[in-house]
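Combine both chains into one complex, guided by the hints.
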Amino acid sequence: MRRRTALRLAAAAAVSSAFSIGTALGADPIRIGAVAPKTGPLAAGAAITHWPNVQLWAHQVNERGGLRMKDGSRRKVEIIEYDDRTNPGETIKAVERLATQDKVDFILAPYSTGLNVAAAPVYAKHGYPQITATSITDKIPELTKRYSSIFFALGSTTALAGSVADILSKLRAEKKIGNRVAMVNVADAFGIELAEVARPVLKKAGFEIVYDRSYPLGTQDLSPIVKGAKAANPDAFVAWSYPPDTFALTEQAKIENLDVKAFYTAVATAFPAYGGKFGKSVNGHLGAGGVNPDTPEMKAYFAAHQKVTGKPADFWASAVTYATLQVLEQSIEAVGTDRKAVTEHIKKGTFQTVMGPWRFSNQSIDKFWTVGQWQDGVFYGVASTGLSGAKPVITKTGW
Amino acid sequence: MDILITGLLLGATYSLIAMGLNLQYGVARIMNLANGEMLVAGAFAAFWVYTAQSANPFAAALFVVPGAFVLNWLIYRYLLRPLVRRAKNRGMLEVDTILATFGMSFAFVGIMLLAFGGGYFTYSYLAEPFPIFGSPFGLNRVVASLIAAVICGLLYVWIHGTRTGMAIRAVAVDPAAAGLVAIDVPRMSALSFALGGAVTAAGGIVLSTFLTMDASVGVVFTMKALIIVIMGGVGDVRGTIIASLILGLAETAVATLVDPGMTLAAAYLLFVLVLLFRPQGLFGRRAS
Numbered sequence: 008m009r010r011r012t013a014l015r016l017a018a019a020a021a022v023s024s025a026f027s028i029g030t031a032l033g034a035d036p037i038r039i040g041a042v043a044p045k046t047g048p049l050a051a052g053a054a055i056t057h058w059p060n061v062q063l064w065a066h067q068v069n070e071r072g073g074l075r076m077k078d079g080s081r082r083k084v085e086i087i088e089y090d091d092r093t094n095p096g097e098t099i100k101a102v103e104r105l106a107t108q109d110k111v112d113f114i115l116a117p118y119s120t121g122l123n124v125a126a127a128p129v130y131a132k133h134g135y136p137q138i139t140a141t142s143i144t145d146k147i148p149e150l151t152k153r154y155s156s157i158f159f160a161l162g163s164t165t166a167l168a169g170s171v172a173d174i175l176s177k178l179r180a181e182k183k184i185g186n187r188v189a190m191v192n193v194a195d196a197f198g199i200e201l202a203e204v205a206r207p208v209l210k211k212a213g214f215e216i217v218y219d220r221s222y223p224l225g226t227q228d229l230s231p232i233v234k235g236a237k238a239a240n241p242d243a244f245v246a247w248s249y250p251p252d253t254f255a256l257t258e259q260a261k262i263e264n265l266d267v268k269a270f271y272t273a274v275a276t277a278f279p280a281y282g283g284k285f286g287k288s289v290n291g292h293l294g295a296g297g298v299n300p301d302t303p304e305m306k307a308y309f310a311a312h313q314k315v316t317g318k319p320a321d322f323w324a325s326a327v328t329y330a331t332l333q334v335l336e337q338s339i340e341a342v343g344t345d346r347k348a349v350t351e352h353i354k355k356g357t358f359q360t361v362m363g364p365w366r367f368s369n370q371s372i373d374k375f376w377t378v379g380q381w382q383d384g385v386f387y388g389v390a391s392t393g394l395s396g397a398k399p400v401i402t403k404t405g406w
Numbered sequence: 011m012d013i014l015i016t017g018l019l020l021g022a023t024y025s026l027i028a029m030g031l032n033l034q035y036g037v038a039r040i041m042n043l044a045n046g047e048m049l050v051a052g053a054f055a056a057f058w059v060y061t062a063q064s065a066n067p068f069a070a071a072l073f074v075v076p077g078a079f080v081l082n083w084l085i086y087r088y089l090l091r092p093l094v095r096r097a098k099n100r101g102m103l104e105v106d107t108i109l110a111t112f113g114m115s116f117a118f119v120g121i122m123l124l125a126f127g128g129g130y131f132t133y134s135y136l137a138e139p140f141p142i143f144g145s146p147f148g149l150n151r152v153v154a155s156l157i158a159a160v161i162c163g164l165l166y167v168w169i170h171g172t173r174t175g176m177a178i179r180a181v182a183v184d185p186a187a188a189g190l191v192a193i194d195v196p197r198m199s200a201l202s203f204a205l206g207g208a209v210t211a212a213g214g215i216v217l218s219t220f221l222t223m224d225a226s227v228g229v230v231f232t233m234k235a236l237i238i239v240i241m242g243g244v245g246d247v248r249g250t251i252i253a254s255l256i257l258g259l260a261e262t263a264v265a266t267l268v269d270p271g272m273t274l275a276a277a278y279l280l281f282v283l284v285l286l287f288r289p290q291g292l293f294g295r296r297a298s
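In the order they appear, the protein sequences are chains X and G. If you count the first sequence from 1, you need to add 7 to reach the numbering used here. If you count the second sequence from 1, you need to add 10 to reach the numbering used here.
Looking at chain G on its own, in the form it has when it is part of the complex (with noise of 0.2 angstroms):
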């Protein structure tokens, strides 16, 4: 029972992680490197609120996340852009992106080193024990997990209810098809790639109440976020969410059952053997 749900706490920090990454990747079609580093913005500002403000860290998501939207919006606009009408075909723009997003994340790295300082950013917000069938489970894990679960839910509902996220599935699908039946092909990935740098800020503000981050950690966030979103299947909501919590049960259960140390064999071992067997992941389509 403790596997399960310690399991599933972890998940839920993971989908969090992978979300963002998943519309960026999914629809928009950028392999977004720097993704990480926006976790890392966004849980800056909440410890910058928490210190400084001496108010609610989840307060900081009020100016995060429209702000992320915002400075998401304008990089995709005036950086990533030029480089999707430049490419020829989608294997073409992975490569541009994946060397703009890199050189990109350097640069973030260093502004937030100018803004932030080098040190650890590391505050205790619910850091209490929150009993579940009798065993004591941290507060802030518990919250964060709530959090992205309503946070999952509502972008399943939206994608799946909505008439615009009908059009952002279509140019998940085929971006040339969506075109053609008058869709804002553009449009749409600016959007989508705009809310997945607001949902990656706001899961940094959640993350910070229990992770200990510096200016250099997004890397480690971009690497977990990329295994799932590739293991999920790209642009697919679900997938993301099922393939995070297949890893949080996973680790914890190799972490109790087998050793701790083990954990990361695990990750990657279940990553290779979905790789194997299913190439474009668990809720990924073929490409045709």
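For reference, chain X alone in the conformation it holds in the complex (with noise of 0.2 angstroms):
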């Protein structure tokens, strides 16, 4: 008994001593929610692409004194993690925590398309604008028009399908692959959702659809599916992948020399561990998004991200999540920790981030890389709705 009061006064004067800590630092810190799977079957993804630039955006904001505020003080931020364990309903829960009883100034997006979705009605009751960096979706109009809070960066899925039909058919004009397209997918709502998309797209651009299955989430053997598609003799494969399968369907093409001219998987393709995973064998793989590296702000991004967290960003919504936090940190030193002014200022103002100066126009960014491709060593972005400083596209040549 003795010993179990001794530890709760231990605690108790730890609890106090961080107080303590907290307000003799002067200027209270803005405080800022994060929700996003630790763990669950997304915690591998988030640790990639989400909780690294969280951790970066804080340490540059205090390191360079806190967010400048209008009135002239500093500002330093204080973030608030949560796990929600890939789990909307615990999502839910802890955005709701977050505004509730934390009651943070500000929260950051959740991790994925279904998490942000099933996130979005608690942004919105409690008046937190929610600026998504990682949800890909075709009702990007209703979201919004539901939802003043709700800002999209990522782009929708018709753009990402309909970029990769657009690849393949000016490779097709340039006579350098045929007609035959091999298509997977991976049977869940991302998988799923494009897959319905890419097919009327890649029919009405004249490809003839020779091998078009799906295969559950978390099959420990898709050696099937290569040898199906290969057995179609197809002249590009795509594939509507997660992260596991896009590297079990790549190991499985190259075991078995898949031989076609453009390889495409989507989720992970940006990945550096896939480029590391492959090596040179990767030259000419195409897979979602791509970024434009060799502008000054994305050299000094990439930089900071390897100083600050000890590994590389992503080459594709690394980027994106980043600068939607810097979204977040212009508007605050524009117009304050008003919720509703900040929301409002992000549907209108101009940012400058890490991907160029960016304009919200209906809530949501319309101009985003939706195809990339590894060229020597580096995911380029080879296809985007309007951006400039894309690679030309090349052939992939054997394994």
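Don't read these hints as lab results, they were simulated from the structure. Even glycine gets a Cβ: it sits at the ideal position worked out from N, Cα and C. Check the hints yourself; a few may be wrong.
Unchecked claim - On the chain G side, residues computed to face chain X include the following (Cβ under 7 angstroms): (1) Leu20; (2) Val119; (3) Ser134; (4) Ala137; (5) Pro141; (6) Pro270; (7) Gly271.
Written out as structure tokens, the structure reads:
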């Protein structure tokens, strides 16, 4: 008993000393909540794309002395993190908690399409701006109409699928590939939606889909799929895949020597680990996303990301995630911590981000990268909806 | 032919996942829901050996297998034995251990997140074509199957050919009766629990050569192992091997001939059929 009391006392002392340190610093920090997976199926993706950018941003803001408020004062940021265990119910609970219990000033958007859409009503109810960096959907017009606090920055499903069809059409026009496309998708919301959008788009562009199959999430052996695709003798291979299967499909295609001139896998192709794992044989691989890593802003961003978090940024949503944090930063500096004013400011303002100047129209960024390609160890953007700096597409030459 | 070989390779993979759980559940009567995390820990060790030490990932077995053995022994001795002692019957023990190991799995995930970070762990090792009857198969999968065959073979011979093995089988059949014939039941249970953990971790090393893992992925393997162990019959090595191969062949056949989207459905259909017609599992004994 006595030991327990002592422990309790120690805990109380620790808590109170933590508080006193907080107040001793003077100007109150701006408290910002962050909810995203640290465990569960999407934890690994969030650990690459989401959390390091939160860490990097908070580090950079605080290092330069905090946000420069309108009245000339500086306010540091304090991040309060919650793990939603990749469970939409938990995301909603955590956002609710941040808003009502922790009473934070702002809440960063969650990770992934599903979790963002699930939490959107709660953000709207409590009037917190939700600047999403990792949700791709064709429902952007409906969602922005329904929730005046949600913003989109990564693009739409149709644009993503359409760009793939455009690139294949271009390669066909240059007589580099033929008409036959093998398409597979992971049987999960993302893969199903993209496959359904891509099917008519590819057909309309005059392609023949010679193999069209889905596989369950978490399939441990994808060799029947790759064998099936190979037997159909395609000119191009398109997979609307998630990270573990992106890796597995690529490895299997290499083993089977799937000889296509265009090889596309969706999520995770932009991860540095993808290039790291397969080395030179990924040259010419197409994937979702891409960036223009050659601008001075992006160069500085990549270097800072590596230095502060100890790992490289990915070549797609990492920079977009960071850019959404910059948007929040610039809005707070412009209008203060009034959430309504910040939301209105985001709707109308222009922002200088690592992705270049950003301006939301109807609460979404309509210029974004759609397809990237590994070229000599870097994943360059090769197609976008109106961004400059795209590299010309090359064909894949063997494994 | 392709279906047969691919199916056997997949089946061998499954047997690596399930064999450890079979020992833990069948003999020690611990429904270990933290089994998958042990597998992931083994995989991480292999990843670390390969990337940080640039050595052969299989070298991780040198410290992973003894390490997992000791760790699981300690887990059994200090965390699970009190539950075993307290339990009045098998049903109560199962409920208690399911809850305890479920909690343990969260703790393990947390520890692995701290130790390794949350990102994906993947590397290329032996990812080369290996021709069997003219068609290419992943060399890493072929090697994994051979290792699975060796592990299963050794376990089978050990359990059916040695005195300790016989004691273990006796405990699997009836712990109370085994105690009556001077078998040290707590010791045998601890031994098979530790051994099960070591086999699972070894499986993790092998699987890491071709599967992409992250700290939270363990539950996927636990679920698969559960299905296989129950299909094959609790506490029977042969049952687990046969069930793994059947599952591997069925999934591959369905993926090739019908639709890859149907593989999960096929696996669960098989599971339901086994439960309907042989609730004790393919090789299980009817509860008396």
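Exercise. Which numbered hints are broken by the structure, listed smallest first?
Worked result: 5
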